[in-house]
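What follows is the residue order along each chain.
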Amino acid sequence: MHISDGILSTQWCIVWYAVALVFVALGIREIKRRIEETPSYMPLLALMGAAIFVIAVWHIPVPVTGSCSHPIGTPMSAIIVGPFATVVLSAIALIFHAFLAHGGITTLGANTVSMGIVGTFTGYGTYVLLRKVNLSVWLAAGMAGFIGDILCYLTTAMELALSINPGSVLYHWGLYSLGFVPTQLPLAVAEFIFTAAIVKYIADTRPDIIAKLGGAIDG
Amino acid sequence: MDNFIRNSLILLVVCTAVMCVAAYAGYVSGAGMEGTDGIVEEHAASTGGFEAVEIVPNVGAYGDMGEYVGFTLAGIIAGFIFGYFWIDIKEGGQRA
Chain A
44 MHISDGILST
54 QWCIVWYAVA
64 LVFVALGIRE
74 IKRRIEETPS
84 YMPLLALMGA
94 AIFVIAVWHI
104 PVPVTGSCSH
114 PIGTPMSAII
124 VGPFATVVLS
134 AIALIFHAFL
144 AHGGITTLGA
154 NTVSMGIVGT
164 FTGYGTYVLL
174 RKVNLSVWLA
184 AGMAGFIGDI
194 LCYLTTAMEL
204 ALSINPGSVL
214 YHWGLYSLGF
224 VPTQLPLAVA
234 EFIFTAAIVK
244 YIADTRPDII
254 AKLGGAIDG
Chain B
3 MDNFIRNSLI
13 LLVVCTAVMC
23 VAAYAGYVSG
33 AGMEGTDGIV
43 EEHAASTGGF
53 EAVEIVPNVG
63 AYGDMGEYVG
73 FTLAGIIAGF
83 IFGYFWIDIK
93 EGGQRA
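Note that the protein sequences, when read in sequence, are chains A and B. With this note's numbering applied, the first sequence covers 44 to 262. With this note's numbering applied, the second sequence covers 3 to 98.
The hints are simulated quantities; they were obtained by calculation from the structure and are not laboratory data. Glycine included, C-beta positions come from ideal geometry on N, C-alpha and C. Any given hint might turn out to be false.
As the list claims (entries may be wrong) - Derived coverage of chain B by chain A (criterion: at least 3 residues anywhere in the stretch with Cβ under 8 Å from a Cβ of chain A; other residues may be distant):
id : segment
1  : 41 to 51
2  : 54 to 61
3  : 77 to 88
As the list claims (entries may be wrong) - Distance ranges between label pairs, derived from CB positions:
id : chain 1 : residue 1 : chain 2 : residue 2 : range
4  : A       : 213       : B       : 9         : 45 to 51 Å
5  : B       : 77        : A       : 248       : 22 to 28 Å
6  : B       : 85        : A       : 53        : 39 to 45 Å
7  : B       : 56        : A       : 236       : 47 to 53 Å
8  : B       : 53        : A       : 248       : 33 to 39 Å
9  : A       : 79        : B       : 19        : 36 to 42 Å
10 : A       : 106       : B       : 77        : 41 to 47 Å
11 : A       : 209       : B       : 83        : 42 to 48 Å
12 : B       : 59        : A       : 177       : 48 to 54 Å
13 : B       : 13        : A       : 176       : 25 to 31 Å
14 : A       : 248       : B       : 85        : 21 to 27 Å
15 : A       : 52        : B       : 23        : 38 to 44 Å
What the hints assert, rightly or not - Which stretches of chain A does chain B cover? Using the computed rule of at least three CB atoms under 8 Å from a CB of chain B, they are:
id : segment
16 : 45 to 56
17 : 139 to 148
Whole structure, please, built from the sequences with the hints as guidance.
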């Protein structure tokens, strides 16, 4: 989902930056508030930031399609440290990714919107919703990872279509989605597995950590 | 060291080992496999006359050493920061 510099038009870069900045500002405010309440929130945040950085830059080959891609890690982070804080972590991780030839600086806003906002909030929303209908923690978390991952890539496809093909957005959105999804599906399954495993592990062993930090895990 | 910390550390080592093995397997078997991000983006750009440009320096451009040095420095800095706050995590309290 990393879009490089030069791919999106200037207008769309500005639009995505504006959207991302609103969420980042809300996220910074949320982080400040939580750190004041619980100082141990900060190291957990750093841990999640490192996790997102590694997970979202780790290209895994999918031999069936002959290409490779990566999971995103933001749904897991959203469940553990909260969605708004995860947006900030995503933006920071994406800045570092740019130095590894993943994404760019002018497209930082667009990449933050797809991975940091859509991936985060759809994953978090899925988890909360599925827990409300009494699905088990691991299944709800796994589904959050899967849905957040796929929707992140569909958003990237939409960003490309909106900027590059304004006259035929839906057609090109479908076309670019078809380019992403075959490789992304196995990775979304991987995202399901590690999100479910990690969230379930924390919920089973130390739910107090998350409860104290205001995360969504409810045991 | 309680069970949670011990199990977390074991999990960390296992995850790191899996990532290393997977990265090596990817390097050996997936050499030449291009990322879908690049494939789709290049196709999209070609339909609209856009082209990817490099604005920020890429540490990978300095060869494998660039990435090794970059990741090592990041690991050292992150390790110091995380180590400094370790007591807060473990004890859940304020640093004295």
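**Request:** Tell me, in ascending order, the numbers of any earlier hints that this structure violates.
**Result:** 7, 8, 10
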